[in-house]
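**Student:** Listed here are the chains, written in short residue letters.
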Amino acid sequence: MADLALEVDHLTKNFRLHREKTNSIKALIAGRGRTKFDEFTALNDVTFTVNEGEVFGVIGENGSGKSTLLKCMAGILQPNSGSVRVHKRMSALLELGAGFHPELSGRDNVFLNAAILGMSRRDIASRFDDIVDFSGLGDFVDAPVKTYSSGMYVRLAFAVAINVDPRLLIIDEILAVGDVSFQQRCLEKFVEFRNEGRTIVLVTHAMNTVKDMCDRAIWLTHGSVTGEGDPADLVEAYTEFMLGTRGLGADGSMRRGSGEIQITSVELFVGDGLQPVKRFRTGDSIRIRMTYRAEKPIPKPVVAFAIESLGGATVTAPCTRDVGLIPVELSGEGTIEVALDSVSFLPGTYDLHTSITDFNRSHIYDNLHLALRFDVMSGKPYESEGLVTIRPQWTIA
Amino acid sequence: MTLRSAAAHRNLLYLLSMKELRTRYKKSILGWAWSLLNPLTQMGIFTVIFLVIFKAVPQIGDPSGLKNFPLYFLCGMLPFNFFSISVGVSMGAVQGGASLIKKVQFPHEHLVFSVVVAQFVTLLIELVVLMVAMLFAGNNVLPWIPVLLLLLVLLAVFTTGVSLALAAANVFYHDVNYLWGILSQILFYATPVIWNPATVGVPWLERVANYNPTGSFIVAAHNLMYDLRIPGIGRWIYLIVFAFGTFLIGAWIFNKLSPSFAEEM
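Line by line, the protein sequences are chains A and B. Here our numbering is used: the first residue of the first sequence is 1, the next is one more, and so on. Here our numbering is used: the first residue of the second sequence is 398, the next is one more, and so on.
Chain A on its own, in the form it takes in the complex (with noise of 0.2 Å):
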């Protein structure tokens, strides 16, 4: 049984998300007793270990709760219960050069750094010529920290904290500053560290550095540890995950519903013509045609669009039950499709929403979410403001 170098045991940590900051003691004692606040669960119940000389991922989706897993391991934050253990010596790498000065020498600012991160004095002095060799700084050192490029500065950073010599280290998503050759240096430089039985664990959406370094990882989704495990079939199952809640995922559009009917293709026509647009003028005539598909007959359904403009306001959502147009049944394949006569979107950009919902509109068979971004041009009547027009008939006596 391998040294343990980490232990998180049944962590929960819990933020008050206050309505209105209350930073002020008048607002206190004002507020006293009726202090408003939503608690947010961040991390729930979290509980894992990690082995001495473990490459150790943790992914998950943003707002899962990896930044504040790895702030209490840090220390940085105090858990609402349960525990971190952390047996060898830590260096929690969350950002880069967080502490420099900017008017004080790089040399000032590594001294002063690698105190911050715990080293003592006579430590830095010995590394000190690493640390400038590692950052390739050179006589850059004793400029002031102000006048130097973003990428010296991550690179005298990143030497200072990786010159710590940890036995654990805890890395946020700092893999993906620098340039290239600075990335592989830092890679070299981790792959060394595994080699010499140093424990890693690492925070990343980079799912191949998952698949390629870590040895175990775990995902957490909201706040709870959803799987445990060998990293290849984690960021299998997570990716899957993923892009499953994210719908057909290329265009950007997002499918929900029971799915016995589906929507298969929205597509657009001006005029007469056979060939699908996506963009036409104020004035045009133009049709929409979807496509559906039945897996099984579907009893009165109701068939409705909606299309809203870029900042999310509702243009218009018919729907076939409010012109009395309802089916028997649909079953197998069929186009549905809407004649609009001279159209009085104004120009912008629109978003198109499909849906085929049961006769009360309560159980959604089908619910198409961004299935057609068009443009409208200017055309006839033309007005400078608005998203459609009423075609007004001004007079002015």
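Keep in mind that the hints were calculated from the coordinates and are not lab data. Do not take every clue at face value.
What the hints assert, rightly or not - In silico negatives: residues of chain B with every beta carbon more than 12 Å from chain A:
1. Leu448
2. Pro540
3. Phe585
4. Tyr635
Stated by the list, open to error - Okay, derived cross-link-like pairs now, SDA-like style, lysine to any residue, Cα gap no bigger than 25 Å in a straight line:
5. Lys146/A <-> Tyr411/B
6. Lys499/B <-> Val266/A
7. Lys423/B <-> Ser83/A
8. Lys146/A <-> Ile426/B
9. Lys653/B <-> Asn80/A
10. Lys88/A <-> Lys499/B
11. Lys499/B <-> Ser83/A
As the list claims (entries may be wrong) - One-sided and incomplete, this derived list gives chain B residues near chain A with beta-carbon spacing under 8 Å:
12. Asn408
13. Arg419
14. Thr420
15. Lys423
16. Ser425
17. Leu427
18. Ser496
19. Leu497
20. Lys499
21. Lys500
22. Val501
23. Leu551
24. Pro656
25. Glu660
Ideal Cβ placement from N, Cα and C applies to all residues, glycine included.
Once you've looked at the hints, dock chain B against the given chain A.
**Tutor:** Relative to chain A, chain B alone:
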């Protein structure tokens, strides 16, 4: 615990203090001269008010016999400034350390300690200049310097305590910062910097001057540098209890609050 971590992180404290000192007068032509100009200006203003406008008689040093308002003023003003500036800057240093506190785990109290250390160095430089002026005025303060240093250390301990408490509280409620602006003014006038409690002749005012937190230190400073005598044993006991009591309370508050800094900022 604050004291133990302070010992373990001597290096960090040293470097942070150096940063405070080195970056303070960057990009200014006069540099460190500014640290002397401020108290000298205040001295000039109050000398005019005191001697010219109010035609008051300067305090006579007992037993030194010195009769010099500007010097009397500086003996009180310099230590008082050290105290009030340290507390104010400490609050800013902790608040300004937010980016660090949120990203790195380190002993937060060093942000405060380094401010006090840097201000203490400034105070010592200012006092050296004052000593030279004293010698020119015929007041031989040199034998009293060791005792004076003891007093200054007690003042620094007291100042650290107040700084820790207020800097921590200020993270949660910024009112503390504004409150301090008012409080330090009240303390300034309650402290015998521009006036002399013995000559006012109002007993309760005399007690306020002698026993308010900063007043008790400043009276002792006057004794040592202006009057050239060692304060009584009673005052020393009072100062020691006051300094360490304040420090312990301040450290307790800071330790209680600092784990939540990252979340609150």
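**Student:** What hints, given by number in increasing order, does this structure fail?
**Tutor:** When the structure is compared with the hints, numbers 6, 7, 16, 17 and 23 turn out to be violated.
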